[in-house]
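There are 2 protein chains.
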Amino acid sequence: MSRTMTAKPQANDCVDSVGEALGALSSVVGVEHVCADGGTLDRYGRSGMPEGTMPMAVVSPGSTQQVRRVVEIAARFGLKLYPISRGKNWGYGAACAPTPGQVIVDLGRMNRVLEVDRELAYAVIEPGVTQGQLWEHLQHHAPDLWMDATGAGPEASVVGNTLDRGFGHTRYGDHFLHTCGMEVVLADGRVLNTGYGHYANAKAGRVYRYGVGPSLDGLFAQSNFGIVTRIGIWLIPRPEAFCGYFFQSQREEDLERLVDAMAALRRQGLLQTAIHIANDLRVISSRTRYPWQRTGGRTPLPEEVRAALRREYGIGAWSGCGAISGTRGSVAAVKKAVKGALRGFEVKFLDDGRLAMARRLRRWLSAVGIGGRFGALLDVVEPLYGLLQGRPSIEHLRGAAWRVRGEVAGLGEEDGALAIDPLDCHAGLMWVSPVAPAKGTSAREVMRLIEPIYQRYGFEALVTFTIITERAMCCVTNLAFDKRDTEETARAGRCYDTLMTVLIDAGYVPYRTSVHGARKLGRGSSVFWDVRSQLKRAMDPRGILAPGRYEPQ
Amino acid sequence: MSRTMTAKPQANDCVDSVGEALGALSSVVGVEHVCADGGTLDRYGRSGMPEGTMPMAVVSPGSTQQVRRVVEIAARFGLKLYPISRGKNWGYGAACAPTPGQVIVDLGRMNRVLEVDRELAYAVIEPGVTQGQLWEHLQHHAPDLWMDATGAGPEASVVGNTLDRGFGHTRYGDHFLHTCGMEVVLADGRVLNTGYGHYANAKAGRVYRYGVGPSLDGLFAQSNFGIVTRIGIWLIPRPEAFCGYFFQSQREEDLERLVDAMAALRRQGLLQTAIHIANDLRVISSRTRYPWQRTGGRTPLPEEVRAALRREYGIGAWSGCGAISGTRGSVAAVKKAVKGALRGFEVKFLDDGRLAMARRLRRWLSAVGIGGRFGALLDVVEPLYGLLQGRPSIEHLRGAAWRVRGEVAGLGEEDGALAIDPLDCHAGLMWVSPVAPAKGTSAREVMRLIEPIYQRYGFEALVTFTIITERAMCCVTNLAFDKRDTEETARAGRCYDTLMTVLIDAGYVPYRTSVHGARKLGRGSSVFWDVRSQLKRAMDPRGILAPGRYEPQ
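Residue numbers (my numbering), protein chains in the order written: chain A, 332 to 884; chain B, 332 to 884.
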């Protein structure tokens, strides 16, 4: 069992040994659901960040009732608990607690889809429910409903992503905004139901978020105030008509115009989904790994190789996508508005009918031995089109392995073959994700700030701008490195620190961070963080839950 | 000075007299901005509820800095502070504190529109800014932007309504949801900026609500955790094309179909505004007062008189409205969808062009001495059409005076002439506003619950169902009475209590309440309210701010 704890069990009424604490946990969840062996701890201690943290143990409760008892035991023995849903918090620390020695509360066993309301279009789920599982469940039980999915892959938890305020691609791309009603186990073992959920017969508990009185939901995202054991999430009724749009521009300087055009349509309410605009490198990284051979190992990516890759894969400086849904008539009208706004750019529309035709075409072409390139294009477009309809896919995790070198199990040489878990292939990955107003000049300024930093540290900026609301845009850039290369890993860490500092000081504060990034968040006025701490003390005076999570100090 | 205080100044370090406290307040805000004369206190102590509460004094700070100092003085002298924005919280207690003896902090002087961003479409305002003022401001400085307005009239505060989670008619009908960034004076005088607002240079402070870390905004709505002195609110870019739709049904039982049809379009994202569906009495109450003569003073309204009024005013059992905006093409497509969904009902569409034509027609008709009825209809439709574009109007307050008897200054006999302030004409008014899932069966059940209660107590149910989100519907019903009639007033109080109890127990919990209603809110599990109290103690350990506000106990 690991002893690398900084947070030692505190002297308490009846504390006496770690063994006793684990025994008490075992008596609640079953001995098979408490692990403290080296292999397990090593696995949970992995992270795409330069350093992971080694937990003291991993406990897997199977019900809200068990979570309550785990919390009570933690209080008794002075344990620190770090709840995870599925631990797939890629690029933000995966399953790792902020500090070593916390007990991971793995909620993966609590994976029930408790309810699906087809009329009102919502589901009630537990934290262990994965994107893939929910998608399958809907296919079978409510094929008329779509969910929203992130690019984090089918194994990622819906609740986990939501509580970190992740986002996807559909009309309900802002995940936190489309939840309704949380069940939360508090640090003292009480169970809080937010919204109207605390009224036994509440009819609107899953349809009206605020309830009456103060709205407490916001306290449980990006914090450590409770363990969320259940949420309601809204689903999207399958529209009468749907089409995805894909646009491209060949010139880097077009970013401004693209952002302005799309954001204006968003603010008019004409477009309602998240709109993603990725740079060439981000797209290339989902098709292939860094060209180590071709560059002779040089980094960052030389401009001429970058230009060549762009040509070879037929992609532009910027590639964007989003979707339109409604009636046939309204979709046609909005398509026209999109075409008008993107005049001068390549825009393509794809719907179920065209996709089916393309699939048939591929079959014919491959039957006569041609069409490899067309097939490859379809391989890229299909999962993306799926995401626009909320279908989770493994494809979009590829970028995580961008800078991994050489042959790796599960990853072909300089090829984008799948790796289900980036941590299995030594992928170092840190997301840096500042928020900016959804306007072209802001996009340009963010690029102007980050590109030279990436370059200086020997990396290249893989960038997506996502217009998530009518006014805000999140720039997600991944700092990819090979974790086996200690020098590169250390350099990535310094690059990350510089990016965070420069961006926050320029006013582009991240929407989400790892524990490493959270340390930088205190650069603003202290009142906000002081109030956060006051509330934390009120909710969890002994600091049992996830100490360090989203805490700048 | 009024001495009707239940909450006496507490013995504190240096407390000595109310006079000394008022002196200290005067030294901060100026002696002319501290009132404790009987006339002022009486005016602030009025309410449409059966009973108002008499404040100890009224203090009117002119800046955030002054609010901080007022809070510090309150702490020193043990005063209780009840902040109001404009005090126009009609039907929920107006300007009254939950208990007598609180010092009203009237923020009406803080009425600056601090910023309007025309590109990103938002404004930053202080609590004293009224709906009418903001509308005028936009007319002059940003005519390309629309706001959302409630029916509470031009004198109501935007911030005040938002913090009680009021709603209006446009795409941004859910006011709280369309705020971004709050400045809040806490009970200890610190100033908290939520979202990204606490980062000095934050670029996304008015465009991305969550900021990073827990989101605290929800704590400051329907609560007493701080005094909000500034908020960002999102505005609506004037659309290329716009049309209002108005529908009617003659049969009571059609409510179910209407709600189901409109909610389905909302969930498809085809309709994006709030959709209001009012019963005959609600519409009649905005045209005339209760027919006291015709009924010979009998209440509730006899069915035959009700039927006659319906015929005379040409209105149906249910009347609804909403709006569509977008491009010409998309508006035409959505109109078609609305027509399809409302097949069998009367539906009318109105846009700027048709309205201008109707105005010309009225002029012609009145020039030849006819068209009185057409003119009257236009008088009703125009303000409603304005509200669909966020233009505040006085018209919709008329219903408040429904049961006021006889001749009243500012109100013609049995006529709907304007009364700017319902409290000036003895209007008793209590809103009861349960939330239900946006589906027909729920609407029917709510009607089935409330109508017999209204009848039993001698009132009639004036009802609007507003589909505020894709899944939730708020039923607002006004219990109107004549405050000069003590027996009726007492009966209204009992009717209100019964309505609240029955609705909450049936699971239809109000979205908002007066202090009278708040006492009923504790009928659910206590954990939620206990946590609320814990948070309150953490933020305001001495209970300085608005004790009793949204506190069930």
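Just so you know, the hints here were simulated from the structure itself, not pulled from any lab data.
Backbone N, C-alpha and C define an ideal beta-carbon position, used for all residues, glycine too.
Certain hints may be false.
DSBU-like cross-link-like pairs, simulated, lysine-lysine; straight-line CA separation at most 35 Å [as the list claims (entries may be wrong)]:
#1 A:K666 with B:K851
#2 A:K670 with B:K851
#3 B:K666 with A:K679
#4 B:K670 with A:K679
#5 A:K679 with A:K666
#6 B:K666 with B:K679
#7 B:K851 with A:K667
#8 A:K679 with A:K667
#9 B:K667 with A:K667
#10 A:K679 with B:K851
#11 A:K666 with B:K666
#12 A:K666 with B:K670
#13 B:K679 with B:K667
#14 A:K851 with B:K667
#15 B:K666 with A:K667
#16 A:K679 with B:K667
Examples of chain B residues lying across from chain A (beta carbon under 7 Å, computed) [said to hold, decoys possible]:
#17 G520
#18 L523
#19 Y530
#20 A664
#21 S724
#22 F859
Sample of chain A residues lacking proximity to chain B, with all beta carbon distances greater than 12 Å (derived) [to be verified]:
#23 D585
#24 G671
#25 A837
Comparing the hints with the structure gives:
The hinted pair formed by K666 (chain A) and K851 (chain B) fails the criterion: a straight-line CA distance of about 51 Å is larger than 35 Å. The hinted pair formed by K670 (chain A) and K851 (chain B) fails the criterion: a straight-line CA distance of about 54 Å is larger than 35 Å. With a C-alpha separation of about 27 Å, the suggested pairing of K666 (chain B) with K679 (chain A) holds against the 35 Å cut-off. The suggested pairing of K670 (chain B) with K679 (chain A) holds, with an alpha-carbon distance near 31 Å, which does not exceed 35 Å.
Between K679 (chain A) and K666 (chain A) the CA atoms are separated by roughly 10 Å; this keeps the pair inside 35 Å, and the hint holds. Between K666 (chain B) and K679 (chain B), the direct Cα distance comes to roughly 10 Å. Compliance with the 35 Å bound is thereby established for this hinted pair. Only pairs whose Cα atoms come within 35 Å are accepted, and K851 (chain B) paired with K667 (chain A) is rejected, the gap being roughly 53 Å. Pair hint K679 (chain A) plus K667 (chain A) holds up; C-alpha atoms about 12 Å apart against a cutoff of 35 Å.
With a CA separation close to 18 Å, the supplied pair K667 (chain B) and K667 (chain A) stays within the 35 Å bound. With a C-alpha separation of about 57 Å, the suggested pair K679 (chain A) and K851 (chain B) falls outside the 35 Å cut-off, and the hint is violated. The suggested pairing of K666 (chain A) with K666 (chain B) holds, with an alpha-carbon distance near 17 Å, which does not exceed 35 Å. For the hint pairing K666 (chain A) with K670 (chain B), the CA-to-CA distance comes to about 22 Å; that is within 35 Å, so the pair holds.
Taken as a hint, the K679 (chain B) and K667 (chain B) pair is honoured in the structure, with Cα atoms around 12 Å apart against an allowance of 35 Å. A threshold of 35 Å between alpha carbons decides the hint, and for K851 (chain A) with K667 (chain B) the separation of about 53 Å lies outside it, so the pair is violated. Only pairs whose Cα atoms come within 35 Å are accepted, and K666 (chain B) paired with K667 (chain A) is accepted, the gap being roughly 17 Å. For the given pair, K679 (chain A) sits about 27 Å from K667 (chain B) by alpha-carbon distance, which is consistent with the 35 Å threshold.
Proximity of G520 (chain B) to chain A is violated relative to the hint, the smallest CB-CB distance being about 11 Å (cut-off 7 Å). Given the 7 Å rule on beta carbons, the hint for L523 (chain B) holds: about 5 Å separates it from the nearest Cβ of chain A. Taking 7 Å as the C-beta cut-off, the interface hint given for Y530 (chain B) holds, the closest approach to chain A being about 4 Å. Interface restraint check for A664 (chain B): the shortest CB-CB distance to chain A comes to about 3 Å, inside 7 Å, so the restraint holds.
For the restraint placing S724 (chain B) at the interface with chain A, the shortest Cβ-Cβ distance is roughly 23 Å, beyond the 7 Å limit, so the hint is violated. Interface restraint check: F859 (chain B) against chain A, minimum CB-CB distance 4 Å, threshold 7 Å, status holds. The non-interface label for D585 (chain A) is consistent with chain B: the shortest C-beta to C-beta separation is roughly 19 Å, beyond 12 Å. Distance check for G671 (chain A) against chain B: the nearest CB is about 9 Å away, which does not clear 12 Å, and the non-interface claim fails.
A837 (chain A), annotated as away from the interface, has a beta carbon of chain B within 12 Å; the closest lies near 6 Å.
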